[in-house]
Every structure is written in structure tokens, then in C-alpha cells.
Amino acid sequence: MYRYDEFDERLVRERVAQFASQVARRIDGSLTDAEFLPLRLKNGLYLQLHSYMLRIAVPYGTLHARQLRQLARIADEYDRGYGHFTTRTNLQFNWSKLKDVPTVLGLLADVEMHCIQTSGNCIRNVTADHFAGVAHDEIEDPRPIAELIRQWSTLHPEFEWLGRKFKIAVSGATHDRAVVKSHDLGVRIVRDPASGETGYEILVGGGLGRTPFAAKVLREFLPREDLLAYLEAVLRVYNLEGRRDNKFKARLKILVHELGIEALRALVEEEFAHIDKARVNADPQEQARIAAYFAPPAYEDLPEVSRKLEDAQIRDPELARFVEHNLFRHKKRGYTAVTISLKPIGGTPGDITSEQMRAVADLAEKYSFDELRVTHAQNLVLPNVKLDDVAEVYEALKAHDLATANIGRITDIISCPGLDYCSLATARSIPIAQVLSHHFADPEKQKQIGEVSIKISGCINACGHHHVGNIGILGLEKKGVESYQITVGGDPSENYALGELLGPGVPAEYVPEAVDKVVSVYLAERQQGETFIETYRRIGLAPFKAAFKEIADVAA
Amino acid sequence: MAAVKRPPLPVILVANDLLEGDVVFATADGWSRDPRQAKVAQDDAAAQALEAFAAREFLHARVVGATLVDVELRDGAPVPRHIREAIRALGPSTRPDLGKQADFQI
Ligand code: HEM
Ligand code: SF4
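The listed protein sequences correspond, in order, to chains G and V. Counting in my numbering, the first sequence runs from 10 upward without gaps. Counting in my numbering, the second sequence runs from 2 upward without gaps.
Here chain V stands alone, though its shape is the one from the complex (with noise of 0.2 Å):
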């Protein structure tokens, strides 16, 4: 298979979980709903080993849709760079109430 073009570093895994749909982000040791717990591969060994973990992950039919998401660190938390992963990290921009920032208070 071809390389897949990833995104620059560093970088965190994020997915839908299979049954529940929801936001999942890779941590040290499975999968977590908030997204400051996410894993940052800061090299590409790092990044390979998250690539490794959602090909598992998702034969296994956990989560669907596993993403490699670029990243800044904001006190010590990854922050997706993106718009559309930042909207995706914290719930809709026009709910406040409602996704991770609601659950999290993020």
C-alpha cells in the first residue's frame, strides 16, 4: 500500500466510536471521550504506532472513521489546529451547551 500523506506534527488519533457515534480520542491505553486526554505523537514513530492502534481498533469494529489530526499544545492540552477538528474536538460553535465542551467544561 501506498503511503498514506499525514498530517504534520505533532499529531493525535481521533474517531467515532462504532455504537455510540461519538467523538473518541486515542489516550495511552484505548480510547477517551475527552479530547485532553488524547495521545500526542510528536514524531513519526509515534504517529505510526496511532496508525497501527485505529487499523486494530477498527477491525475490531470499536470505532469507525479514525483520523490523524494535527495538533497545537495550549497549556500542556492538544488543541486541533484545524477548524473543522476544533469544532469536532468541542460540539457545534452555536450549542454551548451541548458535545465535549458541555461534558467536559472544556
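Okay, chain G solo, but in the shape it has when bound (with noise of 0.2 Å):
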């Protein structure tokens, strides 16, 4: 776990004084709601429909017990007693209240946390596959390069004031877990056939919103020792070269597409050529002060079976339920990474209570080295746990309605807040959320369906991801009332792909109907075997397209 340096502490520090002399400087009248609006987005506060909103950054989507703590702690004292884990692995308070907030930031730093870049036209918080450091499928743990991005990043003078906000994830597995290609710039960690050295393909002009584009391979290898001089010459091209004329077309995504990338490879590479390497690569040094942070915990030899774990399995059916959907294969024998599925059957996906992070917290410290894990799918996981603790582990859960056996399954579904939050939406996504986890609640059913996404946004800002959902559901504003339009076919991961619209928008009502015909299309015609992702690319949209017609013929 990457822990401060003095220079760390001090920025951090010095920021929440900044902030809070800025916020009395409103508050006395002497800054206008114009000159201050851009300071408190740079801090992470938004002005939502019913309050301010704090959004509060998970460099990586990696947290530990004390932290949380805290969040639990600011959750009770100045908050309404919960907080929502969003597709960024950020943390949003809902109910802020802009006095307040100097002191809330005051307590994030004590525990080496802050909402810096969380907003505004800046490079972003960095996200990482949530399995780094774990995932059997890994050739390498990115949050090293993360952490060195985060540091590079913060504050970097020339970049502070982009043309638009700019997003950054990084994996290091074969399987795509950080749905690396909707990000402005994808750092892939990969082996080099020839040599076996590790390095980089880099990836830019991602972005999901209302013109998606999948990210393109811009350098397939690059040397590990120029990351940082390779991305300041990308975010150069980007920041003298992108539009700044229309905020819709600001993101590098549409510099790409309008470039085209060969042109913009070319640009990239003159300036890389051209860029001191020496003075802005990271040393190496430095690299692996960073990199020890993250060298593994001491883990025991364990066997490769817990037979403790098998036996309960069979004593209580639902552990065995839960062990079935909530595992994931850890690199290290007799461990496992419990994901804990923050999408109880009609609950809000994302939100957690200040009760429930201590808890995770208390699990976190007990069974997983301290360490927590934050998900893109607004989920957390215990990335460290011994298989013969897993039964502990889960009853714990269940005292705290954690449990929820149903990661990667219908009702594990992402949902922004949609108009019941956000100032920015068309429609609610929460409630939708909620009626079709109610639908597809029957645990037999959920296994029946077995591997498929459902991904709710509340307006064409896509925060909820719904390009890539398998099923995708967007909501719109129709003659003053809300509308859902539905995809499907979209895919987040290595085999990236944008949703197909089936056909008009319907009313709330209908959109549990029209996600059961879809899936009963798949139920029907998958093959031995096949995900409803698998069948999709088979059979292609038209089957689709002709159920939901039924229901969209009807609703309109």
C-alpha cells in the first residue's frame, strides 16, 4: 500500500488550507459564484439537486481499513449516514454541505486522502483493474504505474487546465477488468514477444458519452523506462492540438477520430522525440521506492484445496452459492479475492452505509493484509483472503446484508444516480435498477441466465456505462417524461464493443418486459456453453430487435 512522503502530506495539506481560505472568500462575498465555481471543482464539490456532493478520489480503487473507517466516520458526522462508490472507483457523499467541507478535507488528509482532480478539466483519478496484484491471469501488479501517474499527474503545471477532463486506467492482465478502452489514455502492461521484457501498449481516444469511440492503440510497445515522457507528449499533442471551441468535442477522443491516429501517432512521436527523457522519466530509484509499496504480503504456503471451506460448502447451500459467484482465483495457492457485492436485491448499486464500512473495514484488517479493493461495477473486494477463512468471512457478511451471492450475474447491475441525484440527468436510473433486481431476484433464475451485464445511465453522459452493458439502458426525457432506451451487445472487456439499439425508447414500466424478452431470445437460443455476449455475437441484433419490437409496438 502506497503511504505518503513529506512531500505528499505537505501538498495535500497546504491544497485543504487553500480551500478552505477559498471557501470563506465566497462565503464573505469578496470571490463571485463565477470565480469560485472552478476552485470547488478542482476540490471534487459539486452542486447536485438537493445539496453539494463530495466526490472523494480511490487513487486506483485501492483503500485500506483505516480509511474507510474514516469515510464511515465523515459518513456519520457530516453526511446522512452513506456513501455511493461510483464506475470511477471514487466515493460520493451526497449530501455535503459546502462549510463543512474544509473540515471533511482536513479529515481525508489525515488518513493520506483528498478529492483532488476528482473534477474539473484535469487528468483524473487513475483506475486499475481491481484484481491487480492478485489476479492469476496478471503478467504484472500496474498499480506501481498507476501510483507513478497519480504522483506525475497531480498538479502538473501544464496540465491543470486542459481542454476537457482527461481519464486514465491501467491494467496489467490478459482479460480486461478496467475497461481500459472508454479511457482517454489506456496503459496495457504487456511482454514483448521477441526479448520476454515487459512494457506498455498504450491506448487513447476512448470514451463513452454521447459520441463513444473505443480506444486505439497508439504505441504497441513502449520501453518501461519512458512512460512518463511518453504520456507528457501525448498530453501535450492533446493540450495544444485538441478543440477547445465546443465542449462536446474536446475530448482527445474526438482529436483522434477527427486526426485520424496515424496523424496523431506522428505528432506524438515528434514530441516524444523531442522531450527531455532524462528530466521527466521517472528514475529508477524512485520507481522502485514506488514499486515496494506494492511487493506482496507475507503470504502463507497454503494447499491448493481448503477442505474446511468444501465442508461447509456443503453443510450450507448458499455459502456454496456465494463461493460460486463472489471468488476470484488469486495468484497465490490457498487464497482467494472475495468481492463483496454492494447490490442487494433492490438496493441502490453503490451505495454503502457508514455501519457496513466499518464492517468491511474490521473484515479487511482480520483477513485480507488490510487491504480493500474498489470496483469499476461499484462493487469492493478483499483481495487477500485464505480459502479456509472464507466461511468466516461470508457469515460476517451476511450480519451486515453483504452477502449478496451475484457478482457477474443480472442482478449485479451498474447504475449511475440518475435524476434522483444528479442535476445533469434526464431520467432516474436507480429505480429502474431497483424494479429489475427485484424481477430477476430468484437465485435459480440468476443462475439459469448465468454471466450477463445490465448498465443503467440517467442521461447521455453514460456515467453508468450503458454503451457497453450487454444490456444497456439510457435515460431520456420525452415529452417531459422519462424514457428508456435499450441496447445490447455491449462489451467492457478485451472484446470491446459499443451497444446496439434495439428501437425506441419505452416508459419505466415496460423496461423490465423488454430486458425479459431479451434474455428469454438468449435463454432460447444459446448454444452448450455460451454467455449471453457469446450468443449475441453469433445470432447478431436482428432476434433481439424482433422480440423488443413487441414491447415497444405496445408501449408506444
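Check the hints yourself; a few may be wrong.
To be verified - Just the calculated beta-carbon pair ranges, DEER-fashion: (1) V:P9 / G:Q536: 28 to 34 Å; (2) G:T220 / V:Q106: 43 to 49 Å; (3) V:G66 / G:K488: 49 to 55 Å; (4) V:P9 / G:P513: 23 to 29 Å; (5) V:F105 / G:V314: 56 to 62 Å; (6) G:E559 / V:K6: 22 to 28 Å; (7) G:N255 / V:A29: 39 to 45 Å; (8) G:G489 / V:A46: 26 to 32 Å; (9) V:F105 / G:G489: 22 to 28 Å; (10) G:G355 / V:G66: 28 to 34 Å; (11) G:K317 / V:D98: 39 to 45 Å; (12) G:A304 / V:H61: 52 to 58 Å; (13) G:A304 / V:Q106: 52 to 58 Å.
Stated by the list, open to error - In silico DSSO-like links for lysine-lysine, alpha-carbon gap of 27 Å or less: (14) G:K256 / V:K6; (15) V:K40 / G:K106; (16) G:K340 / G:K375; (17) V:K101 / G:K108; (18) G:K256 / G:K225; (19) G:K106 / V:K101; (20) V:K6 / G:K488; (21) G:K488 / G:K456; (22) G:K258 / G:K176; (23) G:K456 / G:K407; (24) G:K487 / V:K6.
Rather than coming from a laboratory, the hints here were simulated on the basis of the structure. Note that this is a predicted model, so its numbers are computed, not measured. Ideal Cβ positions, reconstructed from N, Cα and C, are used throughout, including at glycine.
Build the complex from these two chains, which are given one at a time in their own frames, with help from the hints.
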């Protein structure tokens, strides 16, 4: 786990003091609203429908117990007893008061946390594979470079006022769990087949929102030592060449689209050739210092199989279901990564109460070397649990309504806050998630349907990743009423794909039936062992469209 | 300055309290957190008066984002017509224990 050095500590404290003075000047009237707005956004503070909302960075989704406990304290003392984990692995508090924010930032600084660059036109919080460091299919833990990028991009003077926000994701595994291709810039750790050396594949120009694009490969293999110099070249080219005339055309994805990847590559390579690499690249000692923080914990030598867990599963079929759905294969024998679902049936995806935060913090300390992860699917992970301890962890989770066995299943729904909280929303998304969750609640039914993702956004900004949902739902407004467009075939993984529209939007009450139709087509058409997305790829859009039309015709 | 487009009458004035962020409603003599206390403007002159009040209060750094919201009257109390403003006046539809709906038992 990375620990702040004096430089990080001082920087964050100074930033808290600076924001406290900005708030004071806003309150006494010496800063106007227009002057204050970009300042508060730089500190993750939004104004939402009901209140201010504070967005707290969880760099590359890694948290430890002490931090989660502090978040619980803030939820209790300065908010309404809960928080919301987002698809960018940040935590949002929905009921912040401006006058309390400086105090809250101070409490965050006490546990090495902050809200810097969680908003505004700058390089945002870097996200990563949530199984980083523990996944069986990993070439290398991507968190040391995520941390390196975090340090490089934090308050980087040249990139503090970009044309638009800039999102970076990193992954070190063969299977993409970080939705790399939806980011402005993606870094994949790869092995050069010739030399066996590891280096980086760099992808650019991904994004969701109103004009979704899949990121394209800019550099197939970048030597390790050149990472920061190369990123600096990309950012500089974007900063100079990217459009600033139109907010909707200002993301890197539009530049890639308008210039073409070859032309962009030429510009970046030219810039890269001129950069003083020795100055920009991290020195190897510093890199080693950072990497040391992510050294594996003191694992024990354990057998591959846990008799204890196997016996417990025979006694308790619900535990067996949990083991089947919520465990992920660990690279270390005898250990597993346990995903804690924040998707109880009928709940708000990503919401967690302060009491649950404390319970999870206790479990992390007791069973997972004090470590936790936040996933882009709005769940939490205990990355280092002994198979022998799983039954106990499960019992403790159950006591706090955290043991829902549905990871990767149809009720593991991603949803943005939508019109219940968000001032940009065109429709509600949480109630849709809740209705669908109830609709598909039966565990046997979920098992039968298998792996499928539903992702819901309350407006075209796509914070709920609807474009890459196997089933995507987008809430819009049609003649003053909420209306939902449904897409199928989206895929966030290495087989990245954007979903295709089934037809016209339908009112909320028709959504469960429409999703039912889509699922029924899959169940009827699937071949042995096929998942939803595999069947879709084989049979195409037409059968889904035809089934949907029956609903759309009734709804129209 | 060009004339600002106004929603259809009747309207109320809704804003966020600068310090708290809470949604507040202009009343006959200030602001209230209770939507039922909102002063209802039935004609252009009354709507203009609300706008003037909004501009003043914004300058004095008491509220932000003040906007006129069209309402209908139910049992004498103003209820926003559009779903967005209705949710803003009550609280999250998924959390009846939070927001105005809970604070004022509406
Ligand atoms: C204060 C509330 C929020 C505001 C104002 C907001 C605003 C936006 C906007 C304007 C975009 C479109 C960017 C573009 O196309 O250039 C966007 C995209 C996105 N937001 Fe949000 N958002 C909010 C909450 C959230 C939440 C709760 C999440 C996570 C659940 C989230 C995650 C994302 C993601 C993943 C994208 C799409 C990726 C991209 O293209 O950047 N945002 N957001
Ligand atoms: S998708 Fe739209 S409604 Fe949902 S959080 Fe993003 S901006 Fe708000």
C-alpha cells in the first residue's frame, strides 16, 4: 500500500488550507460564484439536485481499513450515514455542506486521502484492474505505474487546465477488467514476444458519453523507462491540438477521430523525440521505491484446496452459491479474492452505509492484510483472503447484508445516481435498477441466465457505462416523461464493443418486460456453455430487435 | 440584457443555499426549506419581483442557482410540474427517509 511521503503530505495539507480560504472568501462575498465554481470543482465539490456532492478519490481503487473507517466517520458526522461508490472507483457523499467541506478535507488528509482532480478539466483519478496484484492472469501488478502516473499528474502545472477532463486506466492482466478502451488513455502491461521484456501498450481516444469511441492503439510497445515522457508527449499534443471551441468536441477521442490515429501518432512521436527524457521520466530509484509499497504481503504456504471450506459448503448451500459467484482465482495458492456485492436485491447500486463500511474495514484488517479494492462495477473486494477463512468472512458479511451472491450476474447492475440526485440527469436510473433487481431476484433464475451485465445511465453522459453493458439502459426525457432506450451487445472487456439500439425508448414500466424479452431470446438461442454476449455475437441483433418490437409496439 | 425566457405561470423561485447547499424556496419574506411555504407568482409582475429578489440574493452570496419553476397548486400548496423539480422539492424518490419529504413529512 502506497504511503504518502512528506511531499505528498505537505501538498495535500496546503491544498486543504487553500480551499478553506477560498470557501471563506466565497462566503464573505469576495469571490463571486463564477470565480469560485472552477475552484470548488478542482476539489471535487459539485452542486447536485438536493445539495453539494463531494467526490473523493480512491486512487486505482485501493483502500485500507483505516481509510474506510474515516469515510464512515465522515458519513456519520458530516453526511447522511452513507456513501456511493462510482464507476470511476471514487466515493461520493450526496449531502455535503459547503461550510463543512474544509473540515472534511482535513479528515481525509489525516488518512492520506483527498478530492484533488476528481472533477474539472484535468487528469482525473487513475483507475486500475480491481484484482491488480492478486489476479492469476496478471503479467505484472499495474499499481506501481498507476501510482507513478498519479504523482506525475497531480497538480502538473502544464496539464491543470486541459480542454476537457482526461481519464487514464491501467491494467496488467490479459483479461481487461478496467474497461481500458473507454478511457482517454489506457496503459496495458504487455510482454514483448521477442525479448520477453515487459513494457506498455498505449491506447488513446476512448470515451463514452454522447459520442462513444473505443480507444485505439497508439504505441504497441513502449519500453518501461519511457512511460512518463511518452504520456507527457500525448498530453502535450492533446493540450495544444485538441479543440476548445466546443465542450462536446474537446475530449481526446474527438481529436483522434478528426485527425486519425496515424496523424496523431506522428505528432506524438515527434513531440516524444524532442522531450528531455532524463528530466521527465521517473528515475529508477524512485520507481523502485514506489514499487516496494506494492510488494506482496506475507502469504503463507497453503494447500490448493481448503477442506474446511469444502465441508462448510456442503453444510450450507447459500455459502456454496457465494463461493461460486463471488470468489476470484488468486495467484497465490490457498488464497482467493472475495468480491463484496453492493447490489443487494432492490438496493441502490454502489451505496454503502457507515455501519457496513466499518464492518468491511474490520474484515479487511482481520482477513485481507488490511487491503480493500473498489471495482468499476461499484462493488468492493477483499483481495487476499485464505480459502480457509471464506466461511467466516461470509458469515460476517451476511450479518451486515453484504453477502449477496450475484457478482457478474444479472442483478449485479451498474447504475449512475440519475435524476434522484444528479442535476444533469434526464431520467431516474436507480429505480430502474431496483425494479430489475427484484424482477430477477430468484437465485435459480440468475444461475440459469448466467453471466450478463446490465448498465444504466440517467443521461447521455454515460456515467453508468450503458454503452458497454451487455444490456444497456439509457434514461432520456420524451415529451416531459422519462423514457428508456435499450441497447444490447456492449462489452467492456478486451472484446470491447458498444451496444446496439433495439428500438425506440419505452416508459419505465415496460423496461422489465423488455429486458425479459431480450433474456428470453438468449435462453432460447444459446448453445451449450454460451454466455449472453457470446450468443449475441453469434446470432446478431435481429432476433433481439424482433422480440423487443413486441414491447415497443405496445408501449408506443 | 435580453429578456430571459420564463416558464409558464404560476411559478415559484427555487435555489440552493450557498452555505448548506440545501434546496430553498423564496417566500413572502425570505427563504424557506419547506416547498409548501414557497411564494407563488401568478402573473408577470410577481414573477419579475421574484427574479429581482433572486439577483439580489445571489449578489449577497446567500444562494446559488436560483431559477423560476412552474408549478400547479394542489390543496393550495405549489407542486412543481416537471419531474426534475418535483424530485428536487421532495428528495430522492428512492429514499423517502431523506430530503424534504422526510424533514417536512410531505
Ligand atoms: C455530479 C455528478 C456527475 C456529473 C456532473 C457528471 C458529469 C459527467 C459528464 C458531463 C460526462 C461526459 C463527459 C464527456 O462526454 O466528455 C461524464 C462521463 C462519465 N462519468 Fe460522470 N458525472 C457525474 C457523476 C458520475 C458518477 C456518479 C459516476 C460513476 C457512477 C461517473 C462516472 C463517469 C464515467 C465513467 C463517464 C464516462 C466516461 C467518459 O467518457 O468520460 N460520473 N460525467
Ligand atoms: S449519466 Fe447523467 S444522470 Fe447519470 S450521473 Fe452521469 S451526468 Fe448524472
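request  = Given the hint of 52 to 58 Å, check if G:A304 and V:H61 actually sit that far apart at their C-beta atoms.
outcome  = holds (56 Å)
ask   = Given the hint that V:K40 pairs with G:K106, does the C-alpha gap stay at or below 27 Å?
value = The hint holds at about 25 Å.
request  = Using the beta carbons of G:K317 and V:D98, state whether their distance is inside 39 to 45 Å or not.
outcome  = holds (41 Å)
message = Tell me if the straight-line CA distance from G:K106 to V:K101 falls inside 27 Å.
response = holds (16 Å)
query = Regarding the pair G:K256 and V:K6, is the alpha-carbon distance no greater than 27 Å?
reply = Within the cut-off at roughly 23 Å; holds.
key: Restraint status (C-alpha distance of G:K256 to G:K225 at most 27 Å)   = It holds: about 22 Å lies between the C-alpha atoms, which stays within 27 Å.
Distance restraint evaluation - G:A304, V:Q106, Cβ atoms, bounds 52 to 58 Å = holds (55 Å)
message = A range of 23 to 29 Å was offered for this pair. Does it hold for the Cβ distance of V:P9 and G:P513?
response = Distance hint for V:P9, G:P513 holds at roughly 28 Å.
query = Is the gap between the beta carbons of G:G489 and V:A46 within 26 to 32 Å?
reply = At roughly 27 Å between Cβ atoms, V:A46 and G:G489 fall inside 26 to 32 Å, so the hint holds.
inquiry  = Looking only at beta-carbon atoms, does the pair G:N255, V:A29 fall within the given range of 39 to 45 Å?
reply    = Once the Cβ atoms are compared, 44 Å apart, the range 39 to 45 Å for V:A29 and G:N255 holds.
inquiry  = Tell me if the beta carbons of G:T220 and V:Q106 are separated by a distance inside 43 to 49 Å.
reply    = holds (45 Å)
query = Falls inside 22 to 28 Å, the C-beta gap from V:F105 to G:G489?
reply = Given about 26 Å between the Cβ atoms, the range holds.
Checked against the numbered hints given earlier, this structure breaks hints 1, 3, 6, 21; the rest are met.
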